[in-house]
Amino acid sequence: MNLLEGSPGSVYRVDGLNLPLELARRLEALGLFPGSQVTILRKKRRGAMIITVRGTRFALGMDIAEHIAVRGESYAS
Amino acid sequence: MPRELTIGFAGNPNCGKTTLFNAYTGANLKVANWPGVTVEKKEGRFQFHNSDYRLVDLPGAYSLTCYTMEEQVTRQYILSDDVDVIIDVADASALQRNLYLTLQLIELGKPVILALNMMDIVEKRGMEIDTHRLPEMLGVPVIPVSARRKTGLDILMHAAAHHAGHPSDTPLIHHHGRGASSMTKSTRPAKEGHKHQHHAEYAMVYSDLIEDKIDQLIDELQARYPGLQNYRWHAIKLLEGDRELLEKYPLSRPDILDRSYEQDIINQKYDFIDEIIQEVVVNREERSAVTDRADALLTHRFWGLPIFLLIMALVFFLTFTIGDWLKGYFQMGLDWFSQGALGWLQALQVAPPLISLIVDGIITGVGGVLTFLPNIIILFLALAFLEDSGYMSRVAYVMDGIMGRLGLSGRAFIPMILGFGCSVPAIMASRALENKRDRYKTMLITPFMSCSARLPIYVLFSQMFFPEHAMLAAYSMYLLGLVVAVLCAFLMHIFERGKTSRDRASNSLLIELPEYKSPSAHTIFIYVWEKVKDYLTRAGTVIFAASIIMWVLLNFGPSGYSTEMDETFGSLLGKWLVPFFAPVGLGYWQIVVALIAGISAKEVVVSSCAVLFSVGNVNSAAGMASLSAILGGMGFGPANALALMTFSLLYVPCAATLATIKKEAGSWRWTAFAAAFQIGVAWLVSFLMYRLALLVL
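Chains as they are written, first to last, in this note's numbering: chain A, 1 to 77; chain B, 78 to 774.
Watch out, some of these pointers could steer you wrong.
What the hints assert, rightly or not - Quick list of simulated restraints, FRET-style, between CB atoms: (1) 8/A <-> 203/B: 42 to 48 Å; (2) 8/A <-> 408/B: 51 to 57 Å; (3) 228/B <-> 45/A: 42 to 48 Å; (4) 71/A <-> 552/B: 28 to 34 Å; (5) 205/B <-> 7/A: 31 to 37 Å; (6) 205/B <-> 8/A: 26 to 32 Å; (7) 208/B <-> 69/A: 37 to 43 Å; (8) 227/B <-> 8/A: 35 to 41 Å; (9) 387/B <-> 8/A: 35 to 41 Å; (10) 304/B <-> 7/A: 29 to 35 Å; (11) 335/B <-> 71/A: 29 to 35 Å; (12) 302/B <-> 8/A: 49 to 55 Å.
The hints are simulated quantities; they were obtained by calculation from the structure and are not laboratory data. None of the values given here were measured: they were computed from a predicted structure. Where is the CB? At the ideal position from N, CA and C, for every residue including glycine.
Next comes chain B alone, as it looks inside the complex:
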């Protein structure tokens, strides 16, 4: 049986690579991380003419330097034996920039097919690309496709299959107007001081100075490191001063590697690209009128911001109004299911602890998390729409000024706003941020935004202790959360801020703004499906385990299974933690236990209080009166209530959020740090609020 063919998909961000990839694989994807790094790796399989193909989606990259994780992963993978052919997806309407990556991919020496995507847009704009001359100049096959209209897909796969074994069977025909001869010729005595005639061998030929050095380095590398895959590529990278390769293959030839030739190499590549564009593209039009008109409004210096806020309000409305409406039905279904399971288990005469574990622990825990599914689906439909249409990148520009002052990317605004609804999708949305530092910072502060699950706590305690100003007390919590989030971001920003504006530039905004387009339903569907699958997997694993742990804590004690809360490990833990909570006015073990239980889901704080203080129907007037009387008898007054609300707002987010943070950050250590940080902030702010309230109230 012939070995299945592995095809790597490479390309710039926004070139339609993922759409093309999805067009082949559909939703049948395996998503994992590249070994050792948190860069996503997508793999799919597909059959064509009775052969099996394995498709690997490489991270979007503009070049193949060692400066970013994505680029390192891409080039290491292409150099490995795992991949047979590279399909380089290029946005034909921005060929000039896309060809830069193409030239580098060709240099890596693996068979490359150039897929010219978005040819429909090129035609619509009245441009023409000479698809006969282009392969002659590059020495690789060029196949026009449209990922959105699914045209050219079979031809592309056919070319890939045929091209697999032959890196360079397309003849290269260059007639350079200026030619390499007009470049500055090396004065250094080169290998033989010869004129280089590489134009029949390589698409990209550099000036004689650089070609001399490449030849010398190849000799040197062959002597020192026999068995390397592609000497020319290694030589070029060494000339560029590539850190990774200089460390891996040190050469003591300061005469050749006298400086970094990176800039020369970049410039000469772009010179060649200019030459290609001159010959190949007819009726070149740099800018799209549609995008210009849309941008005139959407990125307007005054209107850009209100329009964005309006769009976010709409997303928020859809997610939490329609989502919550559907969630109600989910909840009903869950109640019905849990009642049914309870009855069924009782009929089977299963031991009560086991029934409790299944019904109170697992079904309630996992089911409670599943009820967020409608919110998540709607939110990610909306976000996928914004992303695929090209608007999302503009958000970074529109919000840059305001968020920039907090040292955050403009896009960090989206997770923060979504945090008012639910921290889980908000943290998932932080993945859209461009850099890791921003993602981590956003994940630290997003849980401070008061999610809807915390509202029941505010409602209960503000009605009990601030009956006249209940609304005000509840809403001030939302404001407090926002202030704490902004303050934390600002403090972190000041702490890490570079001294000069030249240092700051490294964290400054730099993002491509793709052309606007009508989003593809297929891409959106696959995007949403991936998120949902992700979320479901988590509900089945981490949250499942967390539910069991919480159940054990609250139902087991030194004497075994117990239905009395004050005999459980939870209450022992609560009593043990009382000294820690006393300074903030929460030194009551029942309150501490309720807060611990609230980690499973924040609204549980309310139901736990009801159980711990043995008050039935805590949300009714009578229930509230009796709870308030009990608490009052313990010396728990308005200042304590304020401290409790503040602490509930800020302390560790719920288990589902923690699991999401773990997933996005890829590290338990960092997740533990985030939790500790949030407890610290919660304690500090509650302490201040409590002391302040004692003075004022």
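For reference, chain A alone in the conformation it holds in the complex:
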């Protein structure tokens, strides 16, 4: 699944980034790369979401979220 399909309040682990190199590197510098844990805090019906990665909140557009492969953490709530 990708991050866009995730639901608010759930925790996911990143599997991969299918994004243009520069954007992928920017996300990695922010601590979001395969293996990182991502929590979706809020989500709009169509599009952007607020996530936390390593204790920091980010707003993320749908075009980015769609290309972040994740899997649900076992203790997802």
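Using the hints, position chain B against chain A.
For chain B alone, coordinates are given in the frame of chain A:
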């Protein structure tokens, strides 16, 4: 005399770096651009224990790659000899992310002091940071400070002064649980195939595979490029596949540089950070309850938008109601001053052309621009408050869906809305946009939003030509401006849109949402002061020059100084431009001259019409009747009036706005392009409106 010490302030965005910087320098700042780029460089001086310090605020950055201008500027500056010590400002409440930049700064090899900012927030949340263990693990001094409460400032400066000459005098003590030995060991025959024992030398030690490669690259670099500042850093960057350094220092060693190790290096840095956090932070709490509660409302999927609109309405109200009220007094003061100057100059028997230049040209031109000052101060007080509280970043999220369809960032909504008041502060507000492409696009369309100076034109012409529907005609201009702005944005968006959603992702929303906090009065004051200073400087230079040029055009002709408008260069220009304006129904030289004069300020179109058609008191019923009769006699009817209103709405913004665009874009060429673009759009839309009106009316 000892050389003054130069201290660079580095840190993530939103870490409180600017607040800390301001706490030392106060408003005594020198703002310029970094050489060759439009990234702002702030410098301040300050004295401490009888020594002089030069403080340089580096752009906020999350890392030191070569992907953004800000990061390139930062790392080039730190590698240069200009700076002696780096103060790395870290938000202690988000230490995990902030340490990523810290590790990179340490790798650059300059003396680094870690300033742990926002320790008050850390304590409030019941967290503890072991400030003894942290410096041991990083090998640099760590000083807890609070920029807002101004605590720890002296100790920090003291540490910086003492640390300046010694990059690494803090002993490194690592006891890695796993250690580098458990990492995959290189199978490639490395330099000596040895196990790396760098833990006493470097804070950040990579896996043996990478350390082997670093050692090999250092040897290679030393042979090929003697005299480099920091071989280890260059080697690491080459392994990351850093474009800039690969070009600068090419090495033909495909055996070592077989692929980009950037991801490995990032991962291993974060592994080390995890280790630090485990050891150093007690009672780790990831999220703040206050911010969560505030966000539940402010970024709510339904309520977020109306709340934002309400806040913007309030900002708009404050700026243009209270601002305009104060502006009235400014205007009165200006009139009084200009009358006084006129009387004084006449008493001195100064030549009339000179009096006209000073009073009609300079005082009116520059003074007219100064009367916007109350609007600008109030607007930027409000914006600084929103910015410093942490709300501004949320705007990008709240507005993302709507603005996203136009290919604009959510934040572009703010300049567009402000454009209804005055284009100058609106364009200044576009600086808050995250990327350059968005900033430029916003600057192109913001002037289409009908500013308050254009209203007098609508009022006059709609009352003359659409007496029954004057209100409707005037307000339809506001709507038309909005539609044209949105349409232009949309067309540009379609034109440049990437084909796949993977391409689109590059322009998609990605922004940190800092924790909410109560704004600092000091930060707000300095922010507003910078804007005001900026604006005043412009009034004194570009606008001063523009006022003189406009005055010359309208008061000088082939036969020299003239008080008759139709003998001036302006009228010659107007007559020459008539063919260009004829297709849109504005082929009357007086109208063209009025439009040219309107570039100095749009409301001047009205007063120029009065002068050009010799109608006194044009806003009175009698004045309007006579003007309307004159225009009617020339064949200027309702369709022409509509075209004039449309053209006034859309053509080149006033001189003050153009000067602001130049300042924000940093290029005359681009400013000229923006002006040409707006004239083109104005001509096209006026043409359509005129032809349509001829059919209907």
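- Query: Checking against the hints above, which ones are violated?
  - Reply: Hints 1, 4, 9 and 10 not satisfied by this model.
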